[in-house]
Amino acid sequence: MGMHNKTKSRLAGLALMAWSGMALAAWELNFQAPATKAAQTVIDLHDLMMIIIVIIFIGVFAVMFYSVFAHRKSKGHQAAQFHDNTLVEIAWTVIPLLILIGMAWPATKAVLNMRDTSQADITIKATGYQWKWGYDYLKGEGEGIRFMSLMATPPEQIRGAAAKGGNYLLEVDRHLVVPVGKKIRVLTTATDVIHSWWVPALAVKQDAIPGYVRDTWFRAEKEGIYRGQCAELCGKDHAFMPIVVEVVSAEKYTQWVGAQKQQMAAAADEGAKTFSRDELMSRGEKVYAANCVACHQANGKGLPPTFPGLDGSKIATGPKAAHIDIVLHGKANTAMAAYGGQLSDGDIAAVVTYERNAWGNKTGDVVQPAEIKAARK
Amino acid sequence: MEATHAHGAGHAHGDGHSHHPKGIMRWITTTNHKDIGTMYLWFSFAMFMVGGVMALIIRAELFQPGLQYVQPEFFNQMITLHGLIMVFGAIMPAFVGFANWMLPMMIGAPDMAFARMNNWSFWLLPPAGILLTASMFVPGGAAGTGWTLYPPLSIQMGIGMDMAIFAVHILGMSSIMGSINIVTTILNLRAPGMTLMRMPMFCWTWLITGFLLIAVMPVLAGAVTMILTDRHFGTSFFSAAGGGDPVLFQHIFWFFGHPEVYIIALPAFGVVSHVIPAFARKPIFGYTSMVYAIASIALISFIVWAHHMYVVGMPVAGQLYFMYATILIAVPTGVKVFNWVATMWRGSMTFETPMLFALGFLFLFTIGGFTGLVLSNTAIDVQLQDTYYVVAHFHYVMVAGALFSAFAAVYYWLPKWTGHMYDETLGKWHFWLSIVSFNIAFFPQHFLGLAGMPRRIPDYALQFADFNQVSTIGAFGFGLSQLLFLYVVLKAIRGGEKAAAKPWEGATGLEWTVPSPAPYHTFEEPPVLTEAKGHA
Amino acid sequence: MSANRNADNRRVLVRLLAVAALMFGFGYAMVPLYQKFCEVTGINNLLNPDDALRNTQVDTSRKVTVEFDANLHGLPWSFKPGQTSVSVHPGELVHVVYRVSNTRNHPVTGQAIPSYGPQLAAAHFKKMECFCFARQTLGPGESREMPVVFVIDPALPKDVNTITLSYTFFEVAGAAAEPAPQLRRPGA
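Chains as they are written, first to last, in the working numbering: chain A, 146 to 522; chain B, 2 to 537; chain C, 19 to 206.
What the hints contain is simulated information worked out from the structure, not anything from laboratory work. Please note that the accuracy of each hint is not assured.
[What the hints assert, rightly or not] Here chain B is said to cover these stretches of chain A; the calculated rule only asks that three of the stretch's residues, wherever they fall, bring their Cβ under 8 Å from a Cβ of chain B: (1) 234 to 248; (2) 254 to 266; (3) 294 to 304; (4) 336 to 344; (5) 426 to 435.
[Claimed, not checked] List of simulated lysine-lysine pairs, DSSO-like, C-alpha gap at most 27 Å: (6) K98/C / K406/A; (7) K98/C / K476/A; (8) K145/C / K81/C; (9) K327/A / K81/C; (10) K220/A / K492/B; (11) K327/A / K176/C; (12) K81/C / K518/A; (13) K328/A / K98/C; (14) K218/A / K499/B; (15) K328/A / K176/C; (16) K54/C / K98/C; (17) K328/A / K81/C; (18) K145/C / K176/C.
Glycine is no exception: its CB is placed at the ideal position from the N, C-alpha and C atoms.
Using the sequences and the accompanying hints, generate a full structural model.
Below, the structure is given as C-alpha cells:
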C-alpha cells in the first residue's frame, strides 16, 4: 500500500494536470481527502484507471496526430488504398477486452466490500425530508437519540446580503456525531421524494427512497468533520440540505450521547413549563427561520400558489386549534409536512406564537407547550 | 437553405410537380424529402438556440456562489427544459433532418417510402416544442425534475409536468413515424445492386438507430403515461403507498434512456464515417467490422440500463452484472475509434471544416468514452453519480460527439444543399472557437465532480467557485460561437462560390453524382450501380 | 412507384408498427415483471404471507440480530416498534409487536409497507403474520398493538448477522369514506 499508492496517485495527478493544463495548486483536481478505507480504495481504483486510460489515449492520438502531420496532401502524401486487415482488427478487439477484464477485477472486490453492511457497531437511520435530514440512532451506543439536522447557512449569505462563511452551504445546526473506528451502518429512507445521502470523504452515497429502507456503511479512520450534500434532485431546495458527520473519539462520543439524552429529557418536560411571550417570540423566530422560511418566506408572504403566505392568512389569524393542528399534522397532498414528529412541544408552541404575532398578524395569542401536548393527545 | 429549391436550372423534371403550392402552404403540405429535411434542420437549430439560452441562464447563475439571477425552482425548470429540448428538440431532429435529406440520395431512391407520413412526423414537432417552452409560463412553471422526470418528485409538480408529458408523447410519436419511414426506405428503396453490405455507413447507422428508436420510444411513452395516471387517475405504479415502487420508474426510464444515448451517437458515427474517408482520400478501414461494431453497440445498449442507478440500492449482484455489461460496450466503441484512425493512416489528408469537426469529434468523444469507462466502475461511480463529473461526461458525448458531428455534416453537405461553397475561413473560425470554448466550459466540470459538487444545484460551496467561473466563461464563448455558425450557413444560402456536383475530391457515393444544389427531384429512375463503385 | 413496391412498404410499416405497439406493452409489462423479479429474488415481497417453512431446524449455532424500525408517511399517527431489536436463532418462530395510535379525532386508514436492510435478507425473512398484509383503520384516538410473526430462514447467508425490518405507514386517502380501490399487488 503506502509508498506504492502515493507514487501511483502522484503519477495519475500529474497525468491529469498535463491533460488539463491547469496545474494551479488552489484548484481542487481530485477526490476529497479520504477518511475511510473505502474512500481510499476508490481513489486507488480511479488512479489505476486514469493511468491506463491516459496511456491508451496518448497511444491512439499519437498515431492520429502523427498521421495528421505526416499524411497530408499539402506535403504531397499519396493515399494508400488498403481498407482491411483481419489480424489487426482482431487484435484491437481482443486486447482492449483483456485490459477491461483486468480493470473489472479490482472493481469487483471493492464493490463487494462496499456493500457488506454486516457486523455493524451502530445503526443510524437517515431520513430525507424536503429539505433537511433527520437522524435516528436505532441500535448501539446512543440508541434512542433522534434529531433533525438543518442547514445553518443564513439566507442573507445566499442572497448576497452578507459575506459568505467558510463552510457556506455545508454547515448544519446539529452534526451527526459518530465514534471513530466503529462500523456505522446507515439506513436511508425518505418521507416525500427521493433524496441521496452522500459524504464524499467517507465514500458513502445511498439513495433515500420513500417507503423503503436501503443500507450502507462506513468506518471512519480519523476524527474530524466531514461534509456532504444531498445528491439526488429533490425539488426547490435540493442545494440546501447538507450532511455533516462529526467523527469523535469513543470517550467524546459517550459524553455526547449523555448530553443528548439529557436534552431530550428536558424537551419532553417542557409540556409543564410556561414561557413569556418574548421568550416564545424569539425562539419562534429561530424555529421559523430553520423550518418554515424556505416555503413561507421570511416576510410571511410565501410563494403562491404552491406555498401560501402566512401574513394575514386565515390559519394564522383564525382559531388557534386549527393552526396548531396544521403544524402538528401537516396538510394532505400539499408540501406542508407534519411537524409533530420533528419538533418538540416547546418549538411548536414558539413557532405558532411567532406566526400569530409576526408581520401584520396581531392576534396577541400566546401558545404554551402544554397546549401542544394536549393537541397531540 | 430555402434558396435550394428555387425553380432554377437544377429542376430537371418539368412534370406535374411544378404545381405545388407557394409560400407557407408549400412547407405545410410538402411531401418532398428535401423540403422536410430542411424543415427538420431549421427546427432543430431553433430548438438548439432555445435550449442554449437556457444553458446560459444556468451557467450565469453558477458563475459565482450565492443566488444571483434566478430562484432555485426556476433553475430546476431550466435544467429540465434544457435537457428535454436539447435531446428531443435539437439533436434527434437534426439527425432525422440529415437522414431525410441524404438517405434517399445515398441509396438512389426518389423519396422516402411514406412521403405523406414524413410530412406528419415533422409537423408534430413544432407543437411539441411550443408545449415544452410554453410550460414555463403556466402557474407553477415547467417541470422542475430534471429531464429524467423521476417520481415522486414528478408527482408533486404542477400542470407544467403534464405539458412536458404530452410533449414527450408527441415527440415520441414523431420519432417513431420518422424511424419507420427511414427503416422502410433503407430496406425497400435501395437502387438495384446496392446490397446491405454495400450501403454507405450513414445508412447503416440509421437503419440500426431506426430499430432502436422503434423499440425504446414506446417504452418511454409508457413510462410517462404511468406518471400521468399516477398524477391524475389514482394509479400507484411508482408510489410505495399503493404497492408500487419509485425505483421501477428509473428502470423503465433507463431501459429507454440508455439506448437513447446510442440513438444520438450512432448517426453521428455514420456522419464521421463519411467525412473522414472523404478528406483522407482513402476508403473507410474495416467496413464490415464497423457494421458489426454498430450492431453490437446497439444490442448491448439494451442490457446496461441500470448503470445509471448504482446508488439506488440494487442487489450487489445487479451492480456487478451492470458493471460488466457496461464495460463491454467499450470494446465495439474502441473498434470504431481504431477504424477511424486507421482510415486516416497513410491517407492524403486535407483539413477543411467538416474534417476539422470530425477530428474534434473523434478526440473529444474518446475523452467522453473514457470518462464513461470510469463511471462504469461501480465503486468509483458511488462517488461520482449525480455529480458534475457525470455532467461533463455526457456533454463530451452529446456535444462533442453528436453536435460536432452534426456540424461536420452541415459543412460537408451544405454545398449539395445550397449549391454554394460556404466561407471556409469563417467555418474554421467556428470550429476553433467551438472546440476551445467547449473545453473551457466542460473540462473543469470533471474536477468539480471529483471534488464533490453535486449536479442540479443553483448554488454551491465556496471551494467550487473557481472552476465554475471558468466553466461559465467557456459556456458563453461556446454559445456565442454558434451565432457565427448561423452566419456562415445564411451566407452560403445567399450566395458564394458555385459548388461542383462533387465539391470534395475524396467524397464517394451517389449523392455526389447529382448536381449541386440537388434538384428538387432526384433519382426518379434508379441509378445503375457498377461493381466498381462499391460502398461509400 | 410501383404497386408492388407500395405493398412491400406497407408490409414493413405494419410490422414496425407492431414492434412499436409491442414495446409500448413491454413498458407496462415491466411493472409485473419487476414485481415478479422482486418476489422471486425476495427483494420486495410486500403483501403476501409466506408459507411456514417446513421441516426447518432451528440453527442454534448462530444468532441474528433483528432491528425494528417504523416510519410514517403523512399519517397523523404515532407508530413505534414495541422493541428496538431482538436476537434470534435462524429457524426460530419469533413474535414481536408494533404499537400504533391515531392522534386525530376521526378515523384514519393506513397501509404499511415493509422493507429490509440489507435487501438480500428479504428473501430469507419469512413473515407468517403481519399487519402489513391488510389495511388498518384506526378510530379516533385508538391505540393498537399489532403483531408480526416471522422466521429467519436458516439459509440466510452466514455473513449477515443484522437485519433491519422497517415499516412505512402510508395514509390511504379517502379510504374510510368510500370502498377501497384494490391494490394492484396480489394478496392485498
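Hints, one by one, checked against the model:
1. 234 to 248: Answer holds; 7 residues pass the 8 Å Cβ test.
2. 254 to 266: Per the Cβ count (5), the hint holds.
3. 294 to 304: holds (count 3)
4. 336 to 344: holds (count 5)
5. 426 to 435: violated (count 0)
6. K98/C / K406/A: Holds, because 19 Å separates the two Cα atoms, which is no more than 27 Å.
7. K98/C / K476/A: With Cα atoms ~22 Å apart, K98/C and K476/A stay inside 27 Å; holds.
8. K145/C / K81/C: It holds: about 18 Å lies between the C-alpha atoms, which stays within 27 Å.
9. K327/A / K81/C: holds, 21 Å
10. K220/A / K492/B: violated, 32 Å
11. K327/A / K176/C: holds, 21 Å
12. K81/C / K518/A: violated, 41 Å
13. K328/A / K98/C: Satisfied, since the Cα-Cα distance of roughly 25 Å is no more than 27 Å.
14. K218/A / K499/B: holds, 23 Å
15. K328/A / K176/C: OK: K328/A and K176/C at ~18 Å, within 27 Å.
16. K54/C / K98/C: violated, 30 Å
17. K328/A / K81/C: holds, 19 Å
18. K145/C / K176/C: Holds, at about 20 Å.
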